[in-house]
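2 protein chains.
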Amino acid sequence: MLKKCDLSKKTDDKTFADKIAPLQERLGELQRQLRDERIPVIIVIDGWNASGITMTIQELIRFLDPRGFTLASIGKPADEEQKHPLMWRFWNRIPAAGRIAIFARSWYSRALAEETDGPGWEKRVDRAICSINRFERNLSDDGTIFIKIFLHISKKEQKKRLLDRETNPLTSWMITKGDWDFHRDYDAYLPVIEEFLKKTDTPYAPWTVVGATDANYTVLTTYSTVIATLEKNIPLILHPKKQGTKTKFRFSPEIVPVVRRFAAPDLREKKEYEARVAAAQKKMRDLQYLLYKRNIPLAIVFEGRDAAGKGGTIMRLTHDLNPRGYSVMPVAVPNDDEKEHQYLWRFIRNYPAVGHITIYDRSWYGRVLVERVDGLCTKPEWKRAYTEINEMEEEFRNWGGGLLKFWLEVSPDEQLKRFTQRETDPHKQWKITEDDWKNREKWDLYGEAIDEMFAKTSTKYAPWTVIESDDKWYARTKTLETVAAYAQTLLE
Amino acid sequence: MLKKCDLSKKTDDKTFADKIAPLQERLGELQRQLRDERIPVIIVIDGWNASGITMTIQELIRFLDPRGFTLASIGKPADEEQKHPLMWRFWNRIPAAGRIAIFARSWYSRALAEETDGPGWEKRVDRAICSINRFERNLSDDGTIFIKIFLHISKKEQKKRLLDRETNPLTSWMITKGDWDFHRDYDAYLPVIEEFLKKTDTPYAPWTVVGATDANYTVLTTYSTVIATLEKNIPLILHPKKQGTKTKFRFSPEIVPVVRRFAAPDLREKKEYEARVAAAQKKMRDLQYLLYKRNIPLAIVFEGRDAAGKGGTIMRLTHDLNPRGYSVMPVAVPNDDEKEHQYLWRFIRNYPAVGHITIYDRSWYGRVLVERVDGLCTKPEWKRAYTEINEMEEEFRNWGGGLLKFWLEVSPDEQLKRFTQRETDPHKQWKITEDDWKNREKWDLYGEAIDEMFAKTSTKYAPWTVIESDDKWYARTKTLETVAAYAQTLLE
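Residue numbers (this note's numbering), protein chains in the order written: chain A, 1 to 492; chain P, 1 to 492.
Please keep in mind that the hints were generated in silico from the structure rather than gathered at the bench.
Using N, Cα and C, we set each Cβ at its ideal position, and we do this for glycine too.
You may find that some hints are simply not true.
Stated by the list, open to error - In silico DSS-like links for lysine-lysine, alpha-carbon gap of 30 Å or less: (1) A:K83 to P:K177; (2) P:K383 to P:K438; (3) P:K428 to P:K282; (4) P:K428 to A:K19; (5) A:K160 to P:K283; (6) A:K10 to P:K3; (7) A:K282 to P:K156; (8) P:K14 to A:K283; (9) A:K9 to A:K123; (10) A:K156 to P:K160; (11) P:K3 to P:K123; (12) P:K155 to A:K177; (13) A:K383 to A:K198; (14) P:K76 to P:K198; (15) A:K383 to A:K293; (16) P:K14 to P:K198; (17) A:K428 to A:K383; (18) A:K14 to A:K160; (19) P:K283 to A:K293; (20) A:K159 to P:K438; (21) P:K198 to P:K3; (22) A:K270 to P:K159; (23) A:K19 to P:K283; (24) A:K123 to A:K232; (25) A:K428 to P:K283; (26) P:K4 to P:K160.
Said to hold, decoys possible - Have a look at the derived ranges for each label pair, beta carbon to beta carbon: (27) A:K241 to P:P240: 41 to 47 Å; (28) A:E441 to P:E441: 50 to 56 Å; (29) A:K76 to P:E195: 38 to 44 Å; (30) P:D451 to A:D425: 55 to 61 Å; (31) P:E452 to A:F63: 32 to 38 Å; (32) A:N92 to P:D13: 45 to 51 Å.
Claimed, not checked - If you want a taste of the chain P side facing chain A, the calculated C-beta under 10 Å gives, among others: (33) L27; (34) E29; (35) V328; (36) D336.
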C-alpha cells in the first residue's frame, strides 16, 4: 500500500483556500448528524514520525464542535497501562454513542513500538494484528465507523523535517535520539509497516494511505476521506442491509466439556467443612502473594441462577485475601455511560492489572443470558457474542492472565426454598426482588441459554466449571479448592 | 493526640468473637441505609507503617456489599497524578452518592511523604493541611460523612512487625529500605504527625486515634467508630438543623475590580483585525511550547451571555495551538455520574496537567449563575460557593497554575439580533434552543448574579476580565491578546 502511494501530490494555496471551507462546513453537519443518530466514530491518524499527524489533526478539528469529539494523543503507555494488555488502553478510549474519538497515533504505532523487539517479534506482531482486527471488527459490528489514515513520507523528506524541527529553538526539544534511530531504520520498518497495513485493511476498517509531502494536499485528502467514509457508512448503519458476517478470519476454539468432576467427600460435619474452607483460604492468601510477585493477573467469573449463593461464595473466597490486591466487580444493569459503549467495554476496563485478582459477580455472559432471554439485545447481537467472548478470553489468556469461570447451579426446589427464606428473614429481605421471581418463571428459557453458552464458550483455554450448589457447604468447598488448585497451576 | 493514646489496650479472642458479629450486621444495615438515602461516606484508615492498615480494612469490608464500596489503596502517585496538584487524585476518587470510599492510606500519608523534604517544608505542609481541610469541609458541606482513623503503634512494636514480615518469605518483598528509613526517623516524625492530626481534627472530619498494638482491639474499635459516626451523622444529614458555617478558618481574598482596560484602537478594517488576531495566534503557539517545556499549566475560563461569542472566540484562540497540548471542556448540564458528586468534581478532574492548557467553555461558575437563577441548587449552596470557588482558584494558582477568567458581555439588543440570525440561518439553527430564549427573559436576574459574582470572585490572584462583545472583531482581538500577554507573564 505504501509502494503504490504517490508522494509527489501537491495542492496550491489558491485551490486549498477554495476547497477547504465547504469541506469544513460539511464535516460540521455530519458531526451533528452523528450526534443526533448516536453513531460513534473512530478516526485514526497515524504515520511516520514528522509526517504531519499533529498538523493534520489541528486542521481537522478546527471547526468541529468540541462537545462532540475527544482527541487521544497516544504515546508511551502510562503506569497503569503497562499493567494491562496492549488494547486495554484503547478500549478505555472508545467513543460513546454519537461522539468522535480522534487518535493522534494509535494501536498501530504502539504495536510497532512495543512488539518488534527481540527474537520472535514476528509472532508477537501477528498476535497484535489479530487483536487489532478483532477490536475493530467488534466495534464496527456494534455500529462504530472507522476511518484510518496513514501519512506517508519518504526517508529524505523525513530527514528534512527532523532537521527543521531540531534547528528551531521552539521545537528542538521534540526531537529525540529515538526519532533519529527510527529514521535510520526507515528502510527496515517500511516492509513491516506495509505488511501491517495490508493485514489490517479490512472491509469494516479500511486504510487510506496519504502521500503527505505537501500539507495542503494532506489536509484536503484527509477531509475528503473522512467525509466520504461518513457519507457512505451513516446510511448503512441507519438502514442496515442483511449481510453475511464481516469477519474475514476464522476462529474456532476447541470446545471442552464443562468441568464437573470433584473428588469431594460428603461434607456432613460442620467442622470438616470449616477446616477445608479455612485451609483453602489460607492457601489462597499465600498464592495471592506469589501471583503478585510474579505479575500474574487472575480473573474469576461467577455466574449462576439467582440465589445460587454467588455472594456468599465470593465472601468466603476473599476472606483472607489482601484487599489491596483484589477487587470485586458487581455487575448490574449497565448505567448510562455503559449503555453508550459496546457491551464488553465495562468488563475490559475492569480487567485485573498484572498481579491482581478481579472477581466478576456476574459478567460479560449477561449478553447471552439475561440480555438474550429478556430481549435486551437483538438475536444477531447475542449470536455474535459467543465469538466475541471466546476471542476476548483467548486474548486475555494469551496475554498471561488466569481465568476461571464458575456456574453455580441450584435446583428449582432449592431456589424456591431460598427465595421464601429471604422474604421472611428481615435481615435478608433486601436480597430478593421482583426480578428474581420473574426470572424464576423463565427457568427453561434460561436453561436453553445456559446450555448453548456451555456448548459454545467452554473452551480449552477457559472451560466452565459447574458448581452444584444445592448444598452450600459442598459448593463453597468445591469453589475455593478449585480456585486454589488453579492458582497453583498458574505458578508452575 | 498520639501522646494520650493508650497503646496497651487488648481484646481477648473470646470477647472479640462475641462482639464482632453484631457489629458486622449493623454495618451491613447502615450500608444499605446509606445507599437508599444516597449519602456518600469516606473512611480513611491511615497510620504508621506496619500498623495494620490492610488487616483492619480486610476485617472491615468482610461483610460489606461489594456493590456499595470501593477501596482506594494509596501509594506513590501515578504518572498522570504527578502532573496535577496533591488533592487531584483524591478528588478523582471521591465516592458517588450512596457509596463508601475506603482509603488505605490517604492524603495524609501522601502529604507527609511528598511535602516534608528539603528546606521550607514546614510551609508546604501548612499549605497541604489547608488544602486538606478545605477538601474535607467542601465534601462535608455537600453531605459526605468522614470517618478518619489513625492506627498508632510504638517504635518498638513497629520494629518487631517489620522484622516479622521481613523474615517471612511470603512477605519479605513488602519491606523496603524506605520502611526502615522511616522507622529510623520515627521519633522525628512523631511530633509532625501529632501536629498534622491536631490541625486536621475538625468538627466535620474528626480523627480517631486507635492504639493498634492488638489486632482484636483495633478491629473492634474501628467498627465501633465507623458505626457510631454513621449513626450520629446520618440523621443530621437527613434532618439538618440550622447551623452556622462549619468553617473554623477564615479566608478573605483580596477583591479587585474586573479588568476592562484595553488599549485597542477601533478595528474598522478587516485586514487590521485579521492581522492582529493572526499575530496573537502565532504568539500563542510559541508560548504554548514554552509553557509546556516549563511545565506550567494554564486554565482559561469562558463565561458570558448566550450568543456572546464564546464558541467563536475559543475557535480563534485554539487556531494555531498544538492539539496535543490543550483541550476544551464544554460544560453542559451535568450527566448522571456528575450529579452524584460534588459540583466541583467534574471541573477539577479536567484540570490541565502541567504544561497543558484547558479551556473551560462555561465552568464552575455555573453554580452561582444558572444554578442560582434557575433554582437548581439551594441558596446556602450557591452562597457557600463563592468561598469554595475562591479557595479552589487560590490553590490552583499556588500550585503554579495560570488562570484567566473571561466574561463575554453583549447588550440585549445585540443578543436579540444574533438569536434572530441563528434562527433564520439554516447553518446556525442548531446553535439556538428554547433555553436561550428562556434565559433571555431572565436578563436582570442574571445581571444580579453576575454582579455578585464579580464582587466576590474577582480576586487578586484570579481577576475577571470583561470582554465587551457586541463587536466581534474587538472581542476576539481583546481576548486573544489578553491571553497571549498573560501567558507571557507566566514565563517571567
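Checked hints:
1. A:K83 to P:K177: Distance ~24 Å between K83 (chain A) and K177 (chain P) Cα, so the pair holds.
2. P:K383 to P:K438: holds (24 Å)
3. P:K428 to P:K282: Judged against 30 Å, a Cα distance of about 29 Å means the pair holds.
4. P:K428 to A:K19: holds (21 Å)
5. A:K160 to P:K283: This hinted pair holds, its Cα atoms lying about 25 Å apart.
6. A:K10 to P:K3: violated (78 Å)
7. A:K282 to P:K156: holds (28 Å)
8. P:K14 to A:K283: This hinted pair holds, its Cα atoms lying about 25 Å apart.
9. A:K9 to A:K123: With a Cα-Cα distance of about 36 Å, the restraint between K9 (chain A) and K123 (chain A) is violated, given a limit of 30 Å.
10. A:K156 to P:K160: Violated. K156 (chain A) to K160 (chain P) sits at ~66 Å, over the 30 Å cutoff.
11. P:K3 to P:K123: holds (24 Å)
12. P:K155 to A:K177: Cα-Cα ~49 Å, so violated.
13. A:K383 to A:K198: Holds, at about 29 Å.
14. P:K76 to P:K198: At roughly 25 Å apart (the allowed maximum being 30 Å), K198 (chain P) and K76 (chain P) satisfy the hint.
15. A:K383 to A:K293: Since the Cα atoms of K383 (chain A) and K293 (chain A) sit roughly 39 Å apart, the hinted pair is violated (cutoff 30 Å).
16. P:K14 to P:K198: violated (35 Å)
17. A:K428 to A:K383: With a Cα-Cα distance of about 37 Å, the restraint between K428 (chain A) and K383 (chain A) is violated, given a limit of 30 Å.
18. A:K14 to A:K160: holds (25 Å)
19. P:K283 to A:K293: violated (51 Å)
20. A:K159 to P:K438: violated (58 Å)
21. P:K198 to P:K3: holds (12 Å)
22. A:K270 to P:K159: Distance ~40 Å between K270 (chain A) and K159 (chain P) Cα, so the pair is violated.
23. A:K19 to P:K283: Roughly 27 Å between the alpha carbons, so the hint for K19 (chain A) and K283 (chain P) holds.
24. A:K123 to A:K232: violated (35 Å)
25. A:K428 to P:K283: violated (67 Å)
26. P:K4 to P:K160: holds (22 Å)
27. A:K241 to P:P240: 41 to 47 Å: Once the Cβ atoms are compared, 60 Å apart, the range 41 to 47 Å for P240 (chain P) and K241 (chain A) is violated.
28. A:E441 to P:E441: 50 to 56 Å: Holds, at about 53 Å.
29. A:K76 to P:E195: 38 to 44 Å: holds (40 Å)
30. P:D451 to A:D425: 55 to 61 Å: holds (60 Å)
31. P:E452 to A:F63: 32 to 38 Å: Holds, at about 36 Å.
32. A:N92 to P:D13: 45 to 51 Å: holds (46 Å)
33. L27: violated (13 Å)
34. E29: holds (8 Å)
35. V328: holds (4 Å)
36. D336: At about 5 Å, which falls below the 10 Å cut-off, the nearest Cβ of chain A leaves the hint on D336 (chain P) intact, so it holds.
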